[in-house]
Amino acid sequence: MALGNTFGGPPEMTIAQKLRDVNWLLVLLIIAVASVGFAMLYSAANGSLNPWASRQMARFGAGLVAMLIIAVTDIRIWLRYAYVIYGLGLVLLVAVEVMGFVGMGAQRWVDLGFFQLQPSEVMKIALVLALARYFHGIAMEDIGRLHLLILPLLMIAVPVALVIRQPDLGTAILMMMVGGAVCFVAGVRLWKFALAICGAVAAVPIGWQFLRDYQKERIFTFLNPERDPLGAGYHITQSKIALGSGGISGKGFMQGTQSHLNFLPERQTDFIFTMLAEEFGLIGCLGLIGLYVCILAYGVGIAVRSRNQFGRLMAMGLTTTFFLYVFINIAMVTGLIPVVGVPLPLVSYGGTALMTLLISFGFLIGVYVHRDLVIPRRPV
Amino acid sequence: MERESSRHKLFSRRAAFLVGGKLALLGVIGGRMYYLQVLERDQYQMLAEENRINLRLLPPPRGRILDRFGDELAKNRQNFRVVLIPEQTSDVGKTVRRLGEIVEIQDHQLRRIGRDLKRQRRFMPLTLVENLTWEQFASVNVKLPDLPGVQPDVGETRYYPYGDSLAHVVGYVSAVSEQDLTGDPLLELPGFRIGKNGIEKVYDVGLRGKAGNSRVEVNAYGRVIRELQRQDGQPGDDLVLTIDVGLQQAASRRLAGESASAVVMDVHNGEVLAMVSSPSYDPNAFNLGFSAKSWKALVENPRNPLTNKTIAGQYPPGSTFKMLVALAALESGVITPEHRTFCNGSTKLGRHRFHCWKWRYGGHGWTNLYEAIEQSCDIFFYDIAKKVGVEQIAEMARKFGLGERLDIDLVGQRAGLVPNKAWKLATTGVPWQTGETLITGIGQGYLLTTPLQLAVMTARLSNGGFAVQPRLVRDKAAASTGEFAEPPTSPPSLGISSSSLNAVLKGMRMVVHGRHGTARGARLEDGVKMAGKTGTAQVRRITKAERASGVRKAEEKPWEERAHGLFVAYAPADRPRYALSLVIEHGGSGAKAALVARDIMAEVLARDPLRRPAIGRLASRPPADGQG
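So the protein sequences, as listed, match chains L and G.
If you read the first sequence in the numbering used here, its first letter stands for residue 1, the second for the next number, and so on.
If you read the second sequence in the numbering used here, its first letter stands for residue 1001, the second for the next number, and so on.
Isolated chain G, as found in the complex (with noise of 0.2 Å):
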């Protein structure tokens, strides 16, 4: 029994032992319930709740963007497509199978569906196709009980309903790429488009919205329990622009076949009425896709549709340049209007000779000034650019706004090109030749212009020489704000003396309206009168081979050799308000591109759009009258 108790007392003992040991361990537990649930509890509630809710953004409606009239040019069109929730067929190739028999699924769509069928989950909607027409929707819809896992579902897409007619103004619309990300997390949701060209690029922020949210409850698959708060997005902001779209399609349709640019705008306040560059693509394509061959055929092709030739494309002007000549040397006080020159066809610099157009007809004989710009005669041009110097020519050149960026809403503005002795010196090395100076003078050489400068060129001489700016928005729309950047001031003088501008437009009056003028065979038929200047840009030197052998007419030369035609022209001519430029690449010859011109400016005095009411709030400018 002794030992019985002895025992006893040896279990008590290493069974309290025992006990203690159990206890500290429960401490242990308790500490660290304590350590999770205590100190750190914010941390994992903070998981917690990372784990439970997912925010959603909800894309905003893109705004829409408008022409003065309040067309749509660029607009949301419900994107009727079909999705497909993979958990819910038992066989995907067979459903997409069927699907295919309904609408046609390209190669393309077949490996995208694959690999997105990997990536996503199963209860996740996976595109098929997108994008149809309402017929083949509805076919969809109708097979529906065949098409297991199938739905139909309707979501926005931007959509230009003029299509090619103003792909360059406009823009487009594409995929995020890499490069856009900015950290916005609305850029990086599944088909979120931004603009990447055009209005749509530069006012891509405020045309974009503000993307609304929802908090979502989702399990650890990721499936949507419920939606727990939801805050609506805000709408992109519409954007009324200053193009008559009428007068635009008229203009494209007039450009057709061409590899060539038109610009009209409003000579006071610079609005932008038409900016065609043709040929064109249609922007629609950038957001629903290319396909190989056709993104090929526009990047190969040589008349580059992808290229905005009002703004990117640089030309010599030409005889269109000759009002600046005339008037840095009016201002400059080297000639008066009555200043004559004797033109015989030629005249010689030193060991060169210089030949006027008409040299093969003797020359223009006595010609003033009227009659230099009317006949375009180069004689007269050599001799005052000799007069004035290039430094002058420069000065009128930049005045005007060529050689400079305007301040266009558009990408890919390129500046051109107005030489003087220190750029020449600078860039090549090589002192100014006085040759060179001839050879400004009729707006060749160095000389590069884009047809928006043209444009401008124009309006700023006709409007009785104010700085005005090209503009291409006019405002937001009514619905929005309101708010906008403060109503332009009217431009500043250039100081230009009104007797040197008037007597420089009387030339251009007498180039459509004058006996001989160059562009005697584009005057408008209805009775107002324009006035303009024709340029022919040669794209290589003649050389004094082709000179002695008789010069070859244009269509007789492949068409990468043909000079380029420009006319840059107002009306009506004795109040004027519209400006007009055009180049016809490789059109032959300015008295080509006036008869073209000519169209155009029909069309935009038939229209008037500046004596229609525009939506969107304009700041108003007192109107100047552009000459006397």
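So that you can see chain L by itself, here it is in the shape it has in the complex (with noise of 0.2 Å):
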């Protein structure tokens, strides 16, 4: 292998060397807040394994595995193949357009005969990787010039129209933020941001037009929720009840009246954390957030103390995705934004999401590992 380490760093590591450098206690964590999760869908479950804890725990275990592969691969390889992978993304993005099959309302996967594939779980982490590449090729100088700002700003346009045509407005959005916060660290002026703004916010009455009515539904919903009460307000509505009577101390495990009575919809999935509020009240709600900081300050820690930009910005790039997973989900179902279907990060039921989270942990703990590799601009 010709990756070898041009400037001197430190010796080739061997992958016992990398196993025992991975951050355990970042691992630790995740196993922790997976754990609320598993106790939460045990609760969702009226006090059962099945039909969802079981499945989660052992999605999770093969997830942690995938993750500490990839974390051991050598970041270079992730590197040379960021734009190959962003790639395929879009090949997957536009091949349910084409074969995917409607699910949710909505065309989201695709069927490779043993797994259904959610091009847009890729994409999130493929949008960072081929950002991280470009703007880790870029010199420090180049950064502002403003032809080079041309291609960023269509890898991240292309998907999020492929994805807004799904529709998954979440993860457009989603997309949309982590695309700029990897521009933003990487150093681009924030007056450039301001214009792309101005530019985004001049297209919502064109992309207003290609919201699906439910999704007009839910913006209005949003608005005014007592529009529809029984309708699409129902559910932020029972969401609200079941988070406040929660309390400071909640009532209880599996002693949730709303969510244990059908009040509280999708319980197991987009609104676990409604019933984290309803049975452990404010304090658990804060513990699982301490617990989401703490992960977010690891990510953070990795990123600030990689020596080379690519791990830098990947590192940002992914703590940043997971933590608008967070945003968005507890912000959604404590009525602050629309409900726009975003899975609260390992706690919520659902394999394609875990997965997504565990391989984008992979790559933030390969940071670490490789955190003191330092990478040239151009690689050889």
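Calculated directly from the structure, the hints in this document are not laboratory data.
C-beta: ideal position from N, C-alpha, C; glycine also.
Honestly, I wouldn't trust all of these hints.
[Unchecked claim] No more than 27 Å apart at the CA atoms, straight line, and that leaves these computed lysine-lysine pairs for DSS-like:
no., chain 1, residue 1, chain 2, residue 2
1, L, 192, G, 1022
2, G, 1557, G, 1592
3, L, 192, G, 1009
4, G, 1386, G, 1348
5, G, 1399, G, 1421
6, G, 1557, G, 1399
[What the hints assert, rightly or not] Estimated spans, in silico, between C-beta atoms of each pair:
no., chain 1, residue 1, chain 2, residue 2, range
7, G, 1210, L, 212, 52 to 58 Å
8, L, 58, G, 1181, 57 to 63 Å
9, G, 1010, L, 209, 25 to 31 Å
10, G, 1118, L, 336, 36 to 42 Å
11, G, 1118, L, 158, 22 to 28 Å
12, G, 1106, L, 48, 54 to 60 Å
13, L, 80, G, 1013, 24 to 30 Å
14, L, 94, G, 1226, 52 to 58 Å
15, G, 1226, L, 204, 32 to 38 Å
Two chains, two frames, some hints: make the complex.
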């Protein structure tokens, strides 16, 4: 392999060394958050491992292995194949248009026969990888050049447009924000962001036409939840009742009336935080948010410590993705923003999202493992 | 390397900025959680409880209505019904058709089932048919395996065992209508019934009882998960009436086929022993529901089965009013009992000629007060009415309960009408004419009375002149708290001298037992004497032409034109206990009514309900000797 350390960094590490170097405390935090999820899924099934908790555990186990494999894989391989992965993601996104089937009112899956792949999930990581690679290759003084920003803008815009078409508004917004965050930490001038935001706002009326009725409905309902208390507004009203009635210390494990009497919709997926809030109260909520903050702190720490721009950008991008998941989901169930269908990371039931997250953490830990690796701007 | 490190620095700065932004957003979330879970907690906890807990009302069993001897006049009967839980059958239509092969399901029931099916949740029981007979119910039970989702069920429904013979007194219950709603959630319970007429209506609140409730936990779809708390209600109070149902039935049977009404009451304490209005209707039908045809038949029947004629039927009292005219004249001193008038069949006042009923036979000749009552001589009463004047007559009539609503626990009572000069002037603007005093003197003209008023009048005459009020409710049954309104005090005296009263009562005895008595055909067979007075109330004025051509016999006239036959009576004549009034619409004459009254009075005396111990507390009253 010609991935030698040109600038005299540390010698190549063996797999065993890398495994030892894995940030195990972060892994423990991830397991802790996932365990909260298992407990809530157990409660959501009225005190049963079936149908959710056991499957989620199995997937989590498999995901951990995948995470570690990615973590110990040489980061330069990911740098080299970043565009390839991104390209593959785009192909898959187009493929859902062609061969995807309708599920949950939106085309989101590709049936690979043995596995239902959700290209938008792949794209969330691929976009970060591609942007990190791009900005890794751009010199400090070139970042100000306008024409060099056209490519990253397209990198963001194309998958976002495809995802909106699916239509998956939540993921599209998430990808836009993550892409923006990567550009931001890469050093793109703030006024350019202002410009981009203005452009985005100008595009809103155009984008509005692309929204499906149910999405428009969700936005209307968000703006005025009492508009339709038994229809679309029902979810958010019941969610707020569940949350608020939890109080400071909650109603107790498996004692949530809103959750267990089916007033709370989607309690095992998007609204699982509400169930936690109802059963464990403000204390439980702040506890979980605390765990998330620790994970985020690790992510930022890893990003700052990395000695290569690719790793830094990747770590920051993935951490931001994770943050956005947490924020959007909680803000959604507490009625701060419209219901957009974003799961609570590591807690909500769902194989694809869990796998995507663990893979992201694989990359993040990979950045940590390869933190002292200095990679030239232009790989040989 | 320098470039690389400056890039790293820029990254770190920007990263710090980004992290700051994230922390701010997390702060917003934390604030939101604090707002929802701490500041608004109480409100949301309340909403969550409201979501979760459903208060279900448990309807209390309605109090029974009993007759004076404890016979059930209104009770709660098991209602055998069949309900369907739609979600438990794959094909509702097929199940209903199969059930239809076992018990008849009518079209209007099918329509209701269809309506309920759309409205109700699929796990809520839906009533298919109810009020089945035991046989029907049993056969449905046998075939249950073929009827998926069908469940036999036993509820409660009001039942009136005596059917139409007490409909007007007891009344009926029926579905709650919009204007009945008072905010009491019990009334909004599906299938709840409230009293709509008679005692059922007047005593509805007490009979209804207090609803219990059951707090149940329900899920988002309304399915009951478990009962959290149960508070049993309080059954409605039982009520004991003064009615003797055996007597009531006998009287009803006697009046069957007539458009008539009769009241039998205790002359001393006013207890109504029988109150019959004929024809009647089946009160159970109001509970079970009418077919359009039978409802139409009830409403369009010219004999008004729905009206309680004893309180809402207003008739000219005819000659039954003459006792009061006599009393007015005696009490005001314009005549003595020995006063005599010569009757030659008619008398003249101005240009008008007033006839006695016996005008074709040359009149009654010389008659005194007793004979005038005995033979119902109109000329005598024209004479004394003119002497005493309408004001005195009206005053006497009011003393005896005419012209005003009596204190009876029924709805729809009419006041009748006792005219006087002021009334006529106010109503018609025309001054009173002396001729009208004459007409009033024989109970015709503007006078209107109800059979209940006539019974009260007779009781007051025969009890020695005490203002007894009719009573229909004896007491709450012993089972209830025992508290009841203050015991009725003995009625105040009307202040009529006993000599005047005795004179009138003597005349009344002669009506039945005198040689020329108008009701001499109505003597009781077993030796007990009855006193009374016949009355024949003209429905329309007899024209001069008719008098000239000779009055047709009652049988020759169309039913609607025949005179009403009235009879008031009391017995035993020497020691009165029972007063009776009877009105047969278009019955032809009072003499005919007297025959019917005799049969009823015979039944009263045979049963002698006042001599048998009744249930419920009766406020005792010193027996007042009716007369000397």
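Problem set entry | Violations among the numbered hints, reported as their numbers in ascending order | 6, 9, 11, 12 and 15
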